[in-house]
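Now for the letters of each chain:
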Amino acid sequence: MQLFIQRVFDGLQAGAIYAILALAIVIIFRASGMLNFAQGEIAMFTTFVAWNLFDAGLPWWLTSVASLLIGFVVGAVLYRLLIVRLGGTHANPLAVVMVTIGLFLMLNDGAGVIWGTDAKPVPRVFGSGRIEIFGAGIAVQVIGLLAVLAILVVGFNLVFQKTKLGLALRAVTSNQESAALAGIKVTTTLMIGWGLAAAIGSLAGTFTASSVALDKNMMQVVLIYAFAAATLGGFDSPIGAVVGGLIIGLVSELVVGYVDIVGPDLRLLPGFVLVLVVLLVRPQGLFGTAKVGRA
Amino acid sequence: MTRRMTPLRALAWVIALVVAIALPQLLGASDVNRLGEVMYIAVAALGLALLTGFNGQISLGHGAFLGMGAYITMILTVDYNVSYALAGVIAIVFAFVVGLIVGLPALRITGIYLALVTLALATLFPQIVVRLGDITGATVGRGLLPREGYGEWDLLEEIGRRNYLFEAGFRAPEWTGLADDQWRYYVFLAIAIVVFVLVHNLVHSRVGRALVAIRDNETAAEVAGVPVSTYKVVTFGISASIAAIGGWMFAVLNNQVSPTSFTIALSITLLVAAVLGGANSIIGPVLGAFVIVYLREAVPAESQRFTQVVFGLVLILVMLVAPGGIIGVYRNVAARIARSRAGRRSDSPPLPPPDPLAEPAAGSTV
Numbered sequence: 001m002q003l004f005i006q007r008v009f010d011g012l013q014a015g016a017i018y019a020i021l022a023l024a025i026v027i028i029f030r031a032s033g034m035l036n037f038a039q040g041e042i043a044m045f046t047t048f049v050a051w052n053l054f055d056a057g058l059p060w061w062l063t064s065v066a067s068l069l070i071g072f073v074v075g076a077v078l079y080r081l082l083i084v085r086l087g088g089t090h091a092n093p094l095a096v097v098m099v100t101i102g103l104f105l106m107l108n109d110g111a112g113v114i115w116g117t118d119a120k121p122v123p124r125v126f127g128s129g130r131i132e133i134f135g136a137g138i139a140v141q142v143i144g145l146l147a148v149l150a151i152l153v154v155g156f157n158l159v160f161q162k163t164k165l166g167l168a169l170r171a172v173t174s175n176q177e178s179a180a181l182a183g184i185k186v187t188t189t190l191m192i193g194w195g196l197a198a199a200i201g202s203l204a205g206t207f208t209a210s211s212v213a214l215d216k217n218m219m220q221v222v223l224i225y226a227f228a229a230a231t232l233g234g235f236d237s238p239i240g241a242v243v244g245g246l247i248i249g250l251v252s253e254l255v256v257g258y259v260d261i262v263g264p265d266l267r268l269l270p271g272f273v274l275v276l277v278v279l280l281v282r283p284q285g286l287f288g289t290a291k292v293g294r295a
Numbered sequence: 296m297t298r299r300m301t302p303l304r305a306l307a308w309v310i311a312l313v314v315a316i317a318l319p320q321l322l323g324a325s326d327v328n329r330l331g332e333v334m335y336i337a338v339a340a341l342g343l344a345l346l347t348g349f350n351g352q353i354s355l356g357h358g359a360f361l362g363m364g365a366y367i368t369m370i371l372t373v374d375y376n377v378s379y380a381l382a383g384v385i386a387i388v389f390a391f392v393v394g395l396i397v398g399l400p401a402l403r404i405t406g407i408y409l410a411l412v413t414l415a416l417a418t419l420f421p422q423i424v425v426r427l428g429d430i431t432g433a434t435v436g437r438g439l440l441p442r443e444g445y446g447e448w449d450l451l452e453e454i455g456r457r458n459y460l461f462e463a464g465f466r467a468p469e470w471t472g473l474a475d476d477q478w479r480y481y482v483f484l485a486i487a488i489v490v491f492v493l494v495h496n497l498v499h500s501r502v503g504r505a506l507v508a509i510r511d512n513e514t515a516a517e518v519a520g521v522p523v524s525t526y527k528v529v530t531f532g533i534s535a536s537i538a539a540i541g542g543w544m545f546a547v548l549n550n551q552v553s554p555t556s557f558t559i560a561l562s563i564t565l566l567v568a569a570v571l572g573g574a575n576s577i578i579g580p581v582l583g584a585f586v587i588v589y590l591r592e593a594v595p596a597e598s599q600r601f602t603q604v605v606f607g608l609v610l611i612l613v614m615l616v617a618p619g620g621i622i623g624v625y626r627n628v629a630a631r632i633a634r635s636r637a638g639r640r641s642d643s644p645p646l647p648p649p650d651p652l653a654e655p656a657a658g659s660t661v
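Residue numbers (my numbering), protein chains in the order written: chain A, 1 to 295; chain B, 296 to 661.
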C-alpha cells in the first residue's frame, strides 16, 4: 500500500510536468493549428540560462521566474523571426514542422556546446522537505508542483475568458481573416501566444531539472509524454492537457511499476500504446472537439 | 507527366552510371565504404521523400524503420542462418506491417499526428532494442558473424571478434574476383537503382498523381474519389519498407548493429537529407545524402559536436530560402534560363506548363 501511494505520487509528479508542457503545446495548437516540436528544447534552453544566473549567485526561485520571462521573449522572437516568414502556420504547415525540428536540433546540440553534456544538479523549487501521507513520504515538491498546475489552469482560463488578450487569441484561433478585419493585430497576438507558450513551457523545464537534473536531453522524453497528454486530452483543450498529463504520468508509473514485461526499460511504451488507442477510438481526445474538414 | 528524355539528359545518365560503376575500381576501400554510406542514407531518404515531398506527411521515425531492417538482417542471418536476400525481404515486409500498425491510427486524421507518433516511435525503438537484449545484444549491440560459442565470450574475445568482423559477414563470392567492399558497393548500387526506378515509376503513375493531390488538398482529393486514408497509410508502409532496405544496407556495410546508431538523431538526419536535396524529387535525396556524409566527413573531429547544430541551421535555412532544396533551386534556375531564351525569340511557342510535381502548392494540408 505504501509503495502504491508512493508510485501514485511519483506518477502525479511526472504527470504534472507533462501537463504543463502539454498546456504550452495546446496554446500554440489553438492559436495556429500546429505542433511546436522545439517546445521542449526551448524549455531546456531557458532553464540552462536560468542555471547560469543561479550559478552567478541568484536564488533558484528568482532564476525560475527569470526563465519564464526569457521563455516569453524566446517564443515571441522565434514566431516573429521564423514562423511569420514561412507565411504563417496555415499557409505552410509542413515547413513550420521542419523549422521547429531544425530548432530542436540547434537548441539541443547548441546547449551541449555551450553548457557541456554533464548533468547539472539543481535545487528543488519547493525545497526537499517531505510530508507523510498514508505512511508514504511525499516530497513537498510534488504538492507544490500540483499547486502550480492548478494556478496555471485557473490563470489560463482567466486570461482566455476575461481579458482582451484572451479574446484576441480566441478570435485569431477561430478565424484569422475575420479577426484581422475586426481590427485585431493577428501577428502581434500570435507572437504573444507563442511567447506565453514558451514561458509556460520553461516552467516544465524548471521542474524537470529540479526533479531529476539539468541535462540537455531531459526534455525529449517529456515532450513525447506531453504530446501524448495533449492527444489523450484533446489538442484544443487546456483542461484536457492537464487531465491527459496526469493520466499519462499515473499510467506510465503504475505500468512500469507493476507490469514486468514493460519494466523501466520500456518506460515510453504505455504512453505510446495509449496514444495509438486514443487516435483509433476517439481521435479528438477526451475533451477535444471533432473537426470537420473543408476544402 | 514525365519530363522528356532529351539526348543530353540521356547522355548525363549514361555518364553517371559509368562513373558509378568505375568508382570502386579507382578508390580505396574506405572511400568505397563511404559511398556505401551515401547509398543507404539516400535510399532511406528517398523513402522519406516519397512520404513527405509527394504525399505531404512527415515521419520523424524513419531511423527506427532503418534500425528494424538492420536488426532483422543481423538476427536472421546470424541466429537463423537465413540468406541475406531472404532476410532483406523479411525486413521489408516487417517494416511495412509496423508502418501500417503505426500509420493506421495516426493517418486517419491529419498528418501532424503521424509526426507525433513517429517521434515517439523513434524514441521508443532503442528502448525496445535494449529490452530485447537477449537477441539484440542490448546496448553493446552485435556483429554479423556466426554464432558458435556466442554465449560465453569474454571481453578480450569480444575485442578480437570486432577486429575480425570487418572480414566477416557479407562476403564477395569467389567468381566475381572482387574485394568485399567492391562487391558490397555493386550490390548496393543495384539495389539503389531498382528502388529509385520503382519509386520514380510510382510517382509518375496514376497513383503518384493521387498522392500529390492528397498532399495539395486532402479534401479535394477525397471528393475527386481518391481513397485518401488508404493511400496515405499504404504510402507510409512503402516508405517504411524503403527505410528498412536502407537498414539492410546499414547492417551489411557496418557488420555491426547497436541501438546508439538508431536514435532520433538518425531520423532527423534522414529528414535533413531528403529536405536539403529536395524532398519532392527523386534525385534530391541522393544529393542530400552526399552533402550529409561528406559534410560530416569534412568537419574536423574536435568540432563534431557542431554538426547537429549545422544540420538544424541547414533545415531552417532551406525552409526559409529554398523550400524545394537543391533540386528546387536547380529547377528555378533552369526555368529562368528557359524563360529568358523564350523571351529573346518572341515568336517561339509558349513554354509548356510546369511539371505538377515540381513545387508544392501553397495551402497544402498536412
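Careful: at least some of the hints might be erroneous.
According to the in silico footprint, chain A covers these stretches of chain B (three or more CB under 8 Å from chain A) [claimed, not checked]:
(1) 337-346
(2) 410-417
(3) 423-432
Okay, the calculated beta carbon distance ranges per label pair [as the list claims (entries may be wrong)]:
(4) 1/A to 590/B: 43 to 49 Å
(5) 433/B to 177/A: 27 to 33 Å
(6) 433/B to 282/A: 35 to 41 Å
(7) 161/A to 492/B: 18 to 24 Å
(8) 167/A to 598/B: 45 to 51 Å
(9) 182/A to 517/B: 44 to 50 Å
(10) 217/A to 597/B: 49 to 55 Å
(11) 69/A to 425/B: 21 to 27 Å
(12) 167/A to 430/B: 57 to 63 Å
(13) 217/A to 499/B: 54 to 60 Å
(14) 286/A to 395/B: 24 to 30 Å
Rather than coming from a laboratory, the hints here were simulated on the basis of the structure.
Yeah, the Cβ is synthetic: ideal placement off N, Cα and C, and Gly gets one too.
**Asked** Between residue 167/A and residue 430/B, is the Cβ distance one that fits in 57 to 63 Å?
**Response** With Cβ atoms ~58 Å apart, the hint holds.
**Request:** Indicate whether the distance between the beta carbons of residue 69/A and residue 425/B respects the range 21 to 27 Å.
**Result:** Violated, at about 40 Å.
**residue 433/B paired with residue 177/A, Cβ distance criterion 27 to 33 Å** = 55 Å, violated
**Message:** I want to verify a distance hint. Is the separation of the beta carbons of residue 217/A and residue 499/B within 54 to 60 Å?
**Reply:** 42 Å, violated
**Request:** With 45 to 51 Å as the target window, see if residue 167/A and residue 598/B comply at their CB atoms.
**Result:** 50 Å, holds
**Message:** Given the hint of 18 to 24 Å, is the C-beta distance from residue 161/A to residue 492/B inside that range or not?
**Reply:** 58 Å, violated
**Request:** Starting from the hint 24 to 30 Å, judge whether the C-beta atoms of residue 286/A and residue 395/B obey it.
**Result:** 26 Å, holds
**Asked** Under a C-beta cut-off of less than 8 Å, do 3 or more residues of the stretch 410-417 of chain B approach chain A closely enough to confirm the stated coverage?
**Response** Holds, because 6 residues of the stretch 410-417 of chain B bring their Cβ atoms closer than 8 Å to Cβ atoms of chain A.
**Message:** Just to make sure I understand the rule, a stretch counts as covered if three or more of its residues have a C-beta closer than 8 Å to a C-beta of the chain. Does the stretch 423-432 of chain B meet that for chain A?
**Reply:** With 3 residues in contact (Cβ-Cβ under 8 Å with chain A), the coverage given for the stretch 423-432 of chain B holds.
**Request:** Check the following: the C-beta atoms of residue 217/A and residue 597/B are separated by a distance inside 49 to 55 Å.
**Result:** With Cβ atoms ~22 Å apart, the hint is violated.
**Message:** Closer than 8 Å Cβ to Cβ for three or more residues is the test here. Does the stretch 337-346 of chain B pass it with chain A?
**Reply:** violated (count 0)
**Request:** Return holds or violated for the Cβ distance of residue 1/A and residue 590/B against the range 43 to 49 Å.
**Result:** 57 Å, violated
Taken one by one, the earlier hints fail for this structure at numbers 1, 4, 5, 7, 9, 10, 11 and 13, listed in ascending order.
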